[in-house]
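Number of protein chains: 2
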Amino acid sequence: MGGDHGPSVTVAACLAFLRQQSLASIILVGREEVLRAELARLHHSESIRLRVLHAEDVVQMDEDPKLALKNKKQSSMRLAINLVKSGEAQCCVSAGNTGALMATAKFVLKTIPGIDRPAIATTLPTRTGHTYVLDLGANVDCTAEHLLQFGIMGSILASAVDRKPAPTVGLLNIGHEDMKGGEVVRRAGELLRGAPIRFVGNVEGDDVYKGTVDVVVCDGFVGNVALKTSEGLARMIAAILKEEFGRNLLTRLAALAAMPVLNAIRHRLDGRRYNGASLLGLRGIVVKSHGSADAFAFQCALEAAFNEASSGILARITEDIAAAGVPVAV
Amino acid sequence: MGGDHGPSVTVAACLAFLRQQSLASIILVGREEVLRAELARLHHSESIRLRVLHAEDVVQMDEDPKLALKNKKQSSMRLAINLVKSGEAQCCVSAGNTGALMATAKFVLKTIPGIDRPAIATTLPTRTGHTYVLDLGANVDCTAEHLLQFGIMGSILASAVDRKPAPTVGLLNIGHEDMKGGEVVRRAGELLRGAPIRFVGNVEGDDVYKGTVDVVVCDGFVGNVALKTSEGLARMIAAILKEEFGRNLLTRLAALAAMPVLNAIRHRLDGRRYNGASLLGLRGIVVKSHGSADAFAFQCALEAAFNEASSGILARITEDIAAAGVPVAV
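Protein sequence lines correspond, in order, to chains A and B. Be aware that the first sequence starts at 1, since it is given in my numbering, and climbs by one per residue. Be aware that the second sequence starts at 1, since it is given in my numbering, and climbs by one per residue.
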């Protein structure tokens, strides 16, 4: 039960999630005395749908992933992933250390045959809905083959979770023409054109929020920078709105008059609704929540994991990757 | 006189700029009959401060940069850059084809000794002011040495134009720790730490709009994606604001009540104020305006060029790069 706020946020989110999803059940993994105290504080206790599994250790947010993997075999993170491996759980959701979660999940669950490296995928809002973007930081040096695998996995994710028959896939580049970008990106474009997906070619940064395609493929460095730059810009705009509407009595009255509109805008731009990034390409479903998630945001991550687990995505990735005969980089 | 809108935008912007900057004068380069007609339409004619230089050719927006360089020796773009080379003009501003502008400027003006490749630099708004970001797309495959040169040039740009004695420089990465990112970025971090600038280490995407540093260094692929993603997000947010405030009679009344506040917000977020990207590292000042710039935006690009030309930046880059003994990649 990691994350910046610990069980005070995650346990409340789990209870809210269980009230909404009557078919779901949850195993809380962490220090049992802390989890039971938190449940009691919220006037709840363990039940068939909400069990507690004790873990001695916790992986710290700034811990080295390799050391965590080696030394923390009884951590809540490791035990939660073990539950997915054994089939006792259909998915694992964590707000903890991203690097450690990826390293542990990769070590315990292994990748799907034909998938060289897992990717981190999330949805971002667009004018008309949302777009899946991957990779968001798991892989800083990608080969063209990796980007091809991301494209196939992203297409299956969008198709399985959103029930879109043939989602469109674009390759993030600095121009729409095929010859744009460096060697790896150009070669990835060639491979994606030959893949059994609806690849539409290059897209640019502004296509992400335009919703030009259902899936945007990029390497983890570029995806991470794009995502965090967006977060920074959104926070700056929110701060400016707050500042200008709070400037004086007149502007505060204007804010009052505009409150229903401002609330509608806030809801549409609420980043918490997009919390929950999938670690795609593993033989099990693992979803990463923002470390700073509040209860509402963490509940969204639980829903993302539940939808993914219900979508049969693992079997589809396994089949489609085998059918596509995807080359694996060595 | 390129750009998407042609002289109808740029000539009006030049006239407005000259009214503001009494020390400046402008040479309009393009088809003289078109430029003179546009001047006449605006009740102006040529003067000592506003001359027209005829150019037979125009580089098209989608023209191949190499072909433009080879075949369009009488283009308005080429002649304008020639004016900088000969010293008749102190800077060149163009809203035309970026690739052709860079290729032509590099060919005609050459780079400053010690600078391997020019970079495209612009300012982006932050909560408290602005940040310089480079490169924004001139170089898709950068070496660590290129990133070092960008850091030094960016530092001088911020220092010269904003008169900051020691601007802070950050390296765009996917984490603050030194070991983050790929090999090139890690090595660039080492080189920047040894450079005679105020390098503060890695910054992340959200640091750009936070204003954590005065200068953000990145390769052109990453910078271009970050910039365009930001533009896309800003446009989406603007569209959502418009949609929600225009939804019905009540929300339109709320917009009316909030109009002064909304105008203040619009002004602070007005991307046109940040129009005008510098092609840094050349033996002359060349500024690229957005192709889609309106007259106000193009005037901002003219001001950016004027400020750069008045700052003595070329001499400073030449001296500092020589003093730093910057290694040039081969």
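Keep in mind that the hints are not guaranteed to be accurate.
Since the list can't tell identical chains apart, any single copy or any two copies may satisfy a pair.
To be verified - Straight-line alpha carbon distances no greater than 27 Å define the calculated DSS-like cross-link-like pairs of lysine-lysine that follow:
no. : residue 1 : residue 2
1   : K70       : K210
2   : K210      : K110
3   : K70       : K242
4   : K70       : K110
5   : K66       : K242
6   : K210      : K242
7   : K164      : K180
8   : K180      : K66
9   : K70       : K106
Hints in this document: simulated from the structure, not taken from any laboratory.
Checked hints:
1. In this assembly of identical chains, K70 and K210 lie within 27 Å of each other by CA distance neither inside one copy nor across copies; the values are 43 Å within and 36 Å between.
2. Taking identical chains as interchangeable, the C-alpha atoms of K210 and K110 are never at most 27 Å apart, the minima being 35 Å within one chain and 38 Å between chains.
3. For the identical chains of this complex, K70 and K242 are neighbours neither inside a copy (46 Å) nor across copies (53 Å), given an alpha-carbon limit of 27 Å.
4. For the identical chains of this complex, K70 and K110 are intra-copy neighbours only, at 16 Å inside a copy versus 54 Å across copies, given an alpha-carbon limit of 27 Å.
5. Proximity of K66 to K242 under the C-alpha cut-off of 27 Å is found in neither arrangement, the shortest distances being 42 Å within a copy and 48 Å between copies.
6. In the homo-oligomer, the alpha carbons of K210 and K242 lie at most 27 Å apart both inside one protomer (25 Å) and across protomers (16 Å), since each shortest distance falls under that limit.
7. Taking the shortest alpha-carbon separations for K164 and K180, neither the intra-copy value of 29 Å nor the inter-copy value of 36 Å comes in at or below 27 Å.
8. Taking identical chains as interchangeable, the C-alpha atoms of K180 and K66 lie at most 27 Å apart only when they sit on different chains, with a minimum of 14 Å there against 37 Å within one chain.
9. In this assembly of identical chains, K70 and K106 lie within 27 Å of each other by CA distance solely inside one copy; the values are 13 Å within and 53 Å between copies.
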